[in-house]
Amino acid sequence: MRNYLILLTFFVSSLVFAGCDDSSTTGQALVAYTMYGTGTGTTDFVSGDGWDIHLDEARLAFGPVEFCAHVPTFEIKDSMTGCGVVMGQLSVAGVIDALDVQEQELGTVQGIEGQIHSVSYDMGVSWPSTQASPKTVTDALDGFSVRVSGTATKDGSEVPFVFEVTVTPPNQGLFAVRGIPADGSVTQETSSVVVSTDPVQWLRYVDWQKVKDMYDGTTPVTCSEGSTLYNSVYYGITVGRPVNFEWR
Amino acid sequence: MRRIVGMLVMAAAVFISVPAVAQDKAERQDGDKTQGAVARVDVSKLVPPRRKKVTAPVYPPEGFSDTPVTVVFKLTVGEKGLVTNVEVVRSGGAPYDREAVRAVRQWEFEPARYEGKPITTKIEVPILFPARPRPKNAGHQKPTGNAPVDSGASVTTDGTAAAAGSTTDGTKAPDGTQMASSDATPASPVNRDIQPRPTYSATVTGQGTSLADSAAARSATDASDGDIVTTGVETEEEVQTTAATPAGGREIVVRGRRVVVKVKAGRFRLTRKVLAIAPHSSGGDMLKTAPGFYVGHPQAGGMANALFLRGFNAEHGQDIEIWVGEAPVNLPGHIHAQGYADMRFIIPEVVRSIDVVEGVFSPSQGDFAVAGSVHYRYGVRRRGLHAGFGYGSFGTRRLLAIWAPRGQSFDTFVASEFRTTEGFGENRSSKSASVMGRYRFPFGDRGYGVVHVGAFGSRAALPGVLRLDDIESGRVDFYGSYADPTAQAQSSFFTRMEMSALLHRQLLKKGESVDVSMFVVRTDFRVRQNFTGYVLYFPDQPELVGAGDLHSQYNLDTALGGRVEYRTGARKVAGMEALFTMGMQVRSDFIDQSEDLLYPAQNLIWRHMVDASMELLDLGTYLDSRWTILEGLVAHAGVRADSLFFEVNDRLGNQLYDITITNYELGYRRDAQGTFIGPRFSLSIGPVEKSFFKERIPKSLRPYLWPMSVSVAYGEGFRSPQPRMLQEGEKAPFATVRSVEATVKWSSHIGALTAGTYYTHLSEDYVFDPTWATVKPIGPTTRMGWVLQGLLTKGGFVLSGSLTYVKAVLDSPPPATPDNPTPGEKAGDLLPYVPPYVGRVDAGYSRKWRGWEGQVGLGYTWLAPRPLPYSQFADPVHLVDASASVTRGDVRVRLDVRNLLDTRWHDMEYNFVSQWDPSSHTPLPQRHIVAGAPRTVMLSLNIWY
Amino acid sequence: MKKFTVLIMAVLAGLVTLGCDDGSKTGSIQFFVQPEWTITSGIQPGDGEEDMRDGWTVEYERFMINIGDIIVARSDSSDRFKLPARYIVDLKNAPQGGLLIGTIDGIEAGNWDQVSYGILPADGSSQKLGDASQEDFDRMVNGNIAVSVRMKLTNPSGVVCDPTTDATDNCLPEHEVVLDWDIPWGVVAGGCAPGSGEPGIVVPSGSTGQVKLTIHGDHWFFTAFRHENIERRAQHLVNCDLNHDGVVTMDELSQVPITVLDPQVYDLSTVPDATSMLDYVKWAARTLPHFQGDGGCPERTPVNPE
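The listed protein sequences derive, respectively, from chains E, G and V. Per my numbering, the very first residue in the first sequence carries number 1; after that it's consecutive. Per my numbering, the very first residue in the second sequence carries number 1; after that it's consecutive. Per my numbering, the very first residue in the third sequence carries number 1; after that it's consecutive.
No lab work stands behind these hints: they were computed from the structure. Every value quoted in this text rests on a predicted model; they were computed, and no experiment measured them. Cβ atoms here follow ideal geometry from the backbone N, Cα and C, with glycine treated the same way. Take the hints with a grain of salt, since some may be wrong.
[Claimed, not checked] Derived contacts from chain V toward chain E, CB cut-off under 7 angstroms, selection only: (1) D166; (2) P263; (3) L268; (4) S269; (5) V271; (6) P298.
Start from the sequences and build out the full structure, keeping to the hints where you can.
Have a look at this one:
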């Protein structure tokens, strides 16, 4: 009788221990890490058409951001909203000083582990699907998405400029910039992601000769919406990967 | 740590049965050495047993003899007056022995008493069958002068009871033949007290009880109910045999009952005794008592249950094949979930037992049998009129009426149930009604038929799922529902109408039989659900962003089908006794389904998602063979083949959203076909005491090993694919399952303990995607685990417990899709939603005194933390249910309490992306829950007449 | 008894062999190249979603591509089928059901989830198929041209505006403009998936399935490189007729900066890079390959002429 009990206890406990195993993942885990912005610190450069550009200020409003599992949207037939699986979200907006090489904290990204292939983001102005009109997320640049100011010099002419452009999402529920490539591999050990941007790229479409033609001698040249100059800066900060992401 | 403690508690619970089992066995087997035996009997203090009820043996159809045949038995009459053992002392030939044994097993006595206390005694009983010469011409009966004209056997009065139709007495028919009575209590002279001749081997066994005894506590006719859970399945066949009268006189029909035990692995039978302990509000809930089952309520009582078994998240039925009576419950191609199985139409009081096969080992298991099969069997034991009135928490009211006419089979009844409730929280009210009628009638002289008609309807409001962060922040109440109109509009509607028929007939050879069954089932399903809030956005309708994700799904399915199964009798093949079963099974479904996205007011449709109709045909055939290789060593080998044909008319197919349609019409009609063939084997040994090597077991180990049975089984099964996913001409990809199981079992007259281990591989598994309110494929998966189950019955006490462990993992990462080109899941990750440990204990006690009967019952469920997507884990669940009832005569008052401890628990847990709060964008997955019911009390009054 | 045993064994054996037969079924796939309806029917002005919003009517006079390198593979095995032939086809004059450009026989039935094909610069390996003219064929082979188009745009009240100034009075009447381009930049488009359903193709068992490789023809009129929330416009291309000769050449396109496009109307954020309108047309050409109607091939690998 006692033997029987012992036998049975042994049998049951061996089953019990066989069961005490520990794989405890079902896929990606939730993670959180900090997003930093940084610039190149380039205050002086020569433009494509030979002008010497000096920058006094180059600041970009950045956020909210969504990191996506989807391949970049250019390459897909549709899916303007298509993020596929959302891999990370920054729900606030910060300002990146592109003339400062120091990392500037923008906020905390909440997300999940895995591979990131593309990103969609706003630049200070966001239009969630639950709102009827776009709303400004950060007033740090007075509602603008980018502010660049400085002087352009060539052949003795010195032209001061202040460019302020707002990038707005085109429709409800969309991001301003949708589905551009970004490659990252996020794990539990990821501690941060750095967004870097180069103000030289922002100004690469600007025709400085035209800027000089607009200079009246005293007030810095500004760009007004609808003008080719405005478009130049707009495309400068939205076309061709103006920002780069690196995960650490 | 808690897991281990929990498991040890569970193990301890089932351990209780073990000492008792071993104890009794020791005393019974080693008569010389036990303490319980009494050395000598003082005959003067012995009151012999007195016959109370006698069943006449039926004259065996194949029994012919020119002289009367006598069979002599030694009957053991137990303390409750039932026959616990029958030993043939003198055989009269196999057919006569058989029929005589059958009859005497049902006899009832006033037990013998020694010194006033009831004791077990053995008495010798001869049974005399009259002569019956073989007729010269088959079918032509001529009266022979000397032959007695009754059809039953007569029994001498020397210490025994007589059977129906005594040759000397009884009424005479007009043609001079004797007429015998047709019921179990024969006419005089049999009705006089018998003086049994006691033998000198009376034993007093004290507390020992027998199989028949405990069953007899319920009702006299339940003698072979099979209350004990066994790895074999005891099927009951009600046999109506007519014994031919040699004189061509009136035929007498006697109902007998025969018990056939087929031993198979992984099978459990839940009988009324176990089912009646803890309260069950619906048919699906009754499965909680089967080991390894967790039955969830995804939307309070408003939808089909979510079933979890052995690591399979069967959603609403995709991995479990469910039959009720002769009709199927799973709905293939259903728009909400493949194999959707709504069991709410089942009235618990008319369920006689539930056969559960965990794993796929029997060739008769077909589509959807991936985790296993469940077969509900109808039957109402207590005959008469039964009215039940229930009133409970949250305005719950239930009206039950069952009419089970006396003198008819347990399978004949009319039942109806009406139920309404306000629900335990917001948006949980529901109303339902279920009626059914069933009639069993004799079919010829060796068969019976059953016809069944039933219908069910239900409409309920649904609360939806809630985000945990919204509950924690107070935005919504735990038992509430979101205030958004698109959440308040959630509802469900389901109707079911079925007709079925079964014919069963014994053929000429012993054990040879044919079953033919047919069914028509029509179900109408409609549900409005919004799991995700305001996530859905379609780029071709950008102006409709924020319209809300209220899905309206509709599915109308008419299913027809049938089964014909032929069983050969036992034959000798290659020196072994073999039994073959051959069957075919067909099912045809005509399905019309649609899904739209709605604005809540006036159900305005803002987008058509699906509009399709389908015709499915499943042809199946199977062959099973049972080989008795050696005594106690039984092997089953069988094979099943199914061929499925699909025709899909996808009326919204080929819709091009980006391009003007200029040169074609919308629609994509297509067809596909697929075939599955799979073997199913099992091998079982046992119980050891009845097996060929029983003598080789050393005597000291016999008490432990003799009651043991071992079985191993292997089977391959399948689940049909969602038809709308098939392309033209595609060889339909079934999800195929391979199942292996090994079980060890100890059983005795008071209980049983089962331990088993299993492994299952599924080639294509699915997981629920709340955004699209449907399932999506995740690739091949593997499940391994073990099961411990025990049952103990002693006196009025029943204890049943089970603990199941499963490790369910992905075999490989899910397929890459454009939305998720590098899925994060990898091989070895746990499958979400599957609870790794499921524990259940049901304990019940009943007692009678002075015409009152009281019963109390307690049920406890434990779910270990369920894994969720994104490596989260749900909280564990501990639930206690209790019931108590008092019965006097024909009136019973019962109090059921579910969730006795009023725990706040999560019935279902999910982890997905939703958008409910307009002020914040939430694209990351969040925990969502469906609240479990709080303490719910139900008081019911039942009256029998 | 013996006969019965033999019978049972035979039935079982038959069932088992029938079951074993299942694994080796194969089928065939036929690939058709088919033009989108705009190539054959043109684009009309109007306010509908598919209409030209700024009043121009488009008629295609020539639309030829060099298509080939069809690859069919599956992610769960190393099997791959490739049709290496390249064909120069005239989509403007293709039959209604499309042009058959390849067949794969003896391919295992079931799901093949990786399908890709290319519109590639023509070279000596290209062959002429269908009604393509010899003259066009030779020109494409000699020039390593991937896509050769000629479109006539008409608008009775049309104008051409100087794109280089912001002045509002910079427009002159022009009622007919021809866009005549020989585009050398190609693309290999993979991961093809139909509009709804699983990526790739399903090969039927024991029979032949058909797959359409749909070529779109109007992406240079799109205001963004996608299909949703875009308009078709032509004015930005018309304005590139810098010398007012009624023909917009690729050279003229390269002289117009991308900044002439209004960011409120055009969304270039997903373009890998662009400086001039020629870059705009280059990327538009790389999005032409589609699949089974409105399905797409999202994995686009640019192929540049050597």
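Okay, the hints, checked on the actual structure:
{"no.": "1", "hint": "D166", "result": "5 angstroms, holds"}
{"no.": "2", "hint": "P263", "result": "4 angstroms, holds"}
{"no.": "3", "hint": "L268", "result": "5 angstroms, holds"}
{"no.": "4", "hint": "S269", "result": "4 angstroms, holds"}
{"no.": "5", "hint": "V271", "result": "6 angstroms, holds"}
{"no.": "6", "hint": "P298", "result": "4 angstroms, holds"}
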